[in-house]
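> Letter 101 of the sequence shown, counting from 1, is numbered 101 in the UniProt record's numbering, and no numbers are missing.
It is worth saying that the hints were derived from the structure and are not from the lab.
Warning: the hint list may mix true and false statements.
[Unchecked claim] Using C-beta positions, here's what the derived DEER-type ranges look like:
{"hint": "1", "residue 1": "G105", "residue 2": "E142", "range": "17 to 25 Å"}
{"hint": "2", "residue 1": "E142", "residue 2": "T74", "range": "20 to 28 Å"}
{"hint": "3", "residue 1": "L55", "residue 2": "N154", "range": "31 to 39 Å"}
{"hint": "4", "residue 1": "D146", "residue 2": "I76", "range": "14 to 22 Å"}
{"hint": "5", "residue 1": "A143", "residue 2": "K56", "range": "28 to 36 Å"}
{"hint": "6", "residue 1": "S134", "residue 2": "T83", "range": "32 to 40 Å"}
{"hint": "7", "residue 1": "D81", "residue 2": "D53", "range": "16 to 24 Å"}
{"hint": "8", "residue 1": "A138", "residue 2": "D81", "range": "32 to 40 Å"}
{"hint": "9", "residue 1": "G136", "residue 2": "T174", "range": "17 to 25 Å"}
{"hint": "10", "residue 1": "S128", "residue 2": "F61", "range": "18 to 26 Å"}
Every residue, glycine too, gets a C-beta built ideally from N, C-alpha and C.
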Amino acid sequence: SCCADKSISYTVILNYICTVAPPTGERPLSLLSYEYFWLLTQQVVFSASLLSDGLKAIGPFNTHTALVFKHVLTNIGSAYDPTTGVFTAPLTGAYHFEWHIGVHGSNTAAVLVKNTNHIFTAVEQQESGYGSSSQGAALRLEAGDDVSLHLWANNSIYDNQNHVSTFSGHLLFTV
């Protein structure tokens, strides 16, 4: 598989780096360097749309409701759980998230939630026809922090075969 090939190439590169002494005659790189190299090679990215197929409006609900984006296009690092809609940071670092919400003939509002804290909200008020709203945020996350998207109470969200309601995120760098 591609992942196994990458692991092998990283191992070969790392073995080379760790066994070749720098030109000044200093010691080869330490285990700490290995850990740093491992962090540099970590890849975390996901992208998903609300529905796998068809068209549907979800909501309104009486309370804020976690949205589960079921049509997963990409989930490298397996940090996004398509059964709960929750992204769990595998590493401490800076992450970027974006979301696009569609609506048909009603209002929509979706808030990005880090653990239990509301971060940013995308809002669209639409009396008839189609509308959409988008938002994004860069967050510092600790390993184990959860990020999800919640539909505001008394709002709806719409998706169809064109996948107009999406949620995506990726690791920018570790810290």
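> Please go over all the hints and tell whether each is borne out by the structure.
Hint check results:
1. G105 - E142: 17 to 25 Å: violated, 41 Å
2. E142 - T74: 20 to 28 Å: Taking Cβ atoms as reference, E142 and T74 lie about 23 Å apart, which means the hint holds.
3. L55 - N154: 31 to 39 Å: violated, 21 Å
4. D146 - I76: 14 to 22 Å: holds, 18 Å
5. A143 - K56: 28 to 36 Å: Holds, at about 35 Å.
6. S134 - T83: 32 to 40 Å: Once the Cβ atoms are compared, 25 Å apart, the range 32 to 40 Å for T83 and S134 is violated.
7. D81 - D53: 16 to 24 Å: With Cβ atoms ~20 Å apart, the hint holds.
8. A138 - D81: 32 to 40 Å: violated, 22 Å
9. G136 - T174: 17 to 25 Å: For T174 against G136, whose Cβ atoms are near 20 Å apart, the range 17 to 25 Å holds.
10. S128 - F61: 18 to 26 Å: holds, 22 Å
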